[in-house]
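Visitor: Taken in sequence, the protein lines are chains A and B.
Letter by letter, the first sequence follows residues 4 to 416 in this note's numbering.
Letter by letter, the second sequence follows residues 4 to 416 in this note's numbering.
Don't take every hint at face value.
Note: identical chains are not told apart, hence a pair may lie in one copy or across any two.
[As the list claims (entries may be wrong)] Simulated crosslink set (EDC-like; lysine to aspartate or glutamate; CA at most 16 Å straight-line): (1) Lys30 - Glu14; (2) Lys345 - Asp379; (3) Lys103 - Glu165; (4) Lys345 - Glu315; (5) Lys345 - Asp316; (6) Lys31 - Glu14; (7) Lys5 - Glu50; (8) Lys382 - Glu264.
Think of the hints as simulated: they come from the structure by calculation, not from any bench.
The model shown is predicted, which means the values in this text are computed figures rather than measured ones.
There are 2 protein chains.
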Amino acid sequence: MKAEIISIGSEILRGQITDTNANFIAKKLVELGIDLEHISAVSDNPESLLSTLKLALQRSDLIITTGGLGPTEDDITYHTIARALNLKLIKYPEAEENLKKFFKKINRTISPSNLKQIYLPEGAKIIINQYGTAPAMILEKDNKIVCSFPGVPHEMKNLIEENLVPYLKEKFPPSVIKKSKILKITGLGESSVNELIRDYINKQTNFSFGIYANPEDIQVQITTQAPTEKEVEKLLQSSVNQLTKILDNYVYGSNEETIEEVVGNLLKTKKLKVAVAESCTGGMMGEIITRIPGSSEYFQGGVISYNVRVKEDLLKVPSKVIKKYGEVSRQVAKLMAEGVQKYCHSNIGISITGIAGPGGATEKKKVGLVYMALADGKKTVAQKHQLFGNRQLIRLRSARRALNMLRMYLTEK
Amino acid sequence: MKAEIISIGSEILRGQITDTNANFIAKKLVELGIDLEHISAVSDNPESLLSTLKLALQRSDLIITTGGLGPTEDDITYHTIARALNLKLIKYPEAEENLKKFFKKINRTISPSNLKQIYLPEGAKIIINQYGTAPAMILEKDNKIVCSFPGVPHEMKNLIEENLVPYLKEKFPPSVIKKSKILKITGLGESSVNELIRDYINKQTNFSFGIYANPEDIQVQITTQAPTEKEVEKLLQSSVNQLTKILDNYVYGSNEETIEEVVGNLLKTKKLKVAVAESCTGGMMGEIITRIPGSSEYFQGGVISYNVRVKEDLLKVPSKVIKKYGEVSRQVAKLMAEGVQKYCHSNIGISITGIAGPGGATEKKKVGLVYMALADGKKTVAQKHQLFGNRQLIRLRSARRALNMLRMYLTEK
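Use the sequences and the hints to build the structure in full.
Guide: If you want it as structure tokens, here you go:
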């Protein structure tokens, strides 16, 4: 069983958009245990698409197209699929009905060009699109399956999740279930992670592992297979447990979990409130924390102390300390954290002050030098980091290190 | 002259990464006036790659591959290209020298597997990679051009910019120069932009236009061609001028310009300083403003007044006003802006207070209701918006509307 994706649209070949749809579908196919062999992007030219489809019908069993289902002349997908398979286009009343409903909802009359969208290749199992005007389809013919979905990402994602995934699961119940789990690690570099877990990895025969370095964290992907879902889960969990034992508190989460979610849950459980004092990050840490719905339960707010006068006036950092040690210093970081903890009425104050660059460096203080501190009203601790990357990366890494400092504090025994 | 891109790497087909390299190359080809007909992604399987290469050699004149040039067994590009073209792999001493230099720089000894990287198909014009270990190449054979570049994005981009672009420019001097310019618009919806410029667009014969809606703005792409660079620029500029006349102050920039850059330049020119008071955006506006290097010249900082006590204590918003009108109200937005302007010692204070959702709505105040205000010490103005989208989109749109409010203020006549 070989699968192939065809992304249709001249805007991809003209570089106007990056084809992210193929990546979404590729991930789904991995989960279904289906091998994806080819991804192609073709323009709206009917002859290019026809030859690509013919080739795909030769070499693949399952062909998934996205794009080219709109109402304009450039939208040639169904017409060309019908040509490739020697089928007629026929009118689907369900599609016409959905179109009428859609236009009624947005209070407009159907434009004649939209009527094109109710014709699909004969024999197609139509998928009504409640997110837009273009119907999708699954078509079985001569032991081949051709499916078409709209190019608009959210329409495509919803329709595939709700229709294609269940269809494929039923049609091709996988003989073995293959699953992956991702462990997310922060505070360690890629090579340190590698060294720590190498011995363990080399001893495993049931698993495959991948280590990926992101600007934000290191991810270890664990993949395994077994005849049943339950067994796979059990195997994965045993490997996760062992790796977590080795990597200890450097593991902050798994799969889709984010560090702001993990920190938020810890704060909620402990009924603690946090406030931030940010210089070089300019509000980024606050922005990240407040991505989580309900963060008002544990986030008080804070001070963006970009200018020295804001540090002095709102955080009450004494100007003589700033003069003596400089704005980017351990001492100022500590006083910022203490100030924000106190004046924002929180249990914990966290601060970041650093040189994000490209300007602002001195002989002793290089670009990437960042101090961060955490104050809880009783004690104040600080960290010094020398970070790398461009301005935005240094800022992102600062905010994430500070979040991790908070996480470490909250998980201390 | 038909071009084709082949992206090589199983990580693309397994959905681990999105192929963004193809998009970069597609854009370059548009600039060079070269037609791109196909983009394919193939796994590290030699037979898949071989058949893809053979097909590409049949249907295209210029084939650009990325990926598969590393030192591991999965890296099969040069070996497979040699097979497809019936060429031997030969040792390139320049590549060996570069490899030695590279490993000396990082203070490590060359691993035996890296030595594979010094063999390229016979006849290739080698491109030494000063950014990594994998050499790139341009190979001409039988009226076909095959070029290979590493998959690591920054290596690929630099090597293509410095080598392939000049090579193609010299080899295929375009008969006409084709160029695009993007006008960036904020504060108007897609359909309003469409209605405003439709008459103008329909009258033009020398230009083609595209209108794209992003979460952040609306972009109008103007494309035209002429025999010389100078003429193209002149044509583009005349269209930009006319569209800017129609769209007026809704146009905030062009091409790569960002709104934070535009606002920053206005503040610098006018020697004004700004501070922000953010509730639902949690620091996002400050984060966006400080993306610009040197923003300390005009950005004072601000207050993240997520909790009501921070509004009261740091921004001095009277608690009776909050009780009377609610935290999300025109009155509180105005007092937040006035407070932050005063206490952060800035010329201008900007505030945002709203309901980002999914929780927090009441019968009268729906999710997406956002008030923003601007205070300059003399007068205070406020705006009410009802925004759509999920939590993060509402926050992003709030921050951008507030930035645009500041831009409008700074460009007022």
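Visitor: The structure should be examined with respect to each hint, and the outcome stated for every one.
Guide: Checked hints:
no., hint, in the structure
1, Lys30 - Glu14, "between (23 Å within a copy, 10 Å between copies)"
2, Lys345 - Asp379, "within (9 Å within a copy, 29 Å between copies)"
3, Lys103 - Glu165, "neither (22 Å within a copy, 54 Å between copies)"
4, Lys345 - Glu315, "both (14 Å within a copy, 14 Å between copies)"
5, Lys345 - Asp316, "both (13 Å within a copy, 11 Å between copies)"
6, Lys31 - Glu14, "between (24 Å within a copy, 14 Å between copies)"
7, Lys5 - Glu50, "between (24 Å within a copy, 14 Å between copies)"
8, Lys382 - Glu264, "neither (25 Å within a copy, 40 Å between copies)"
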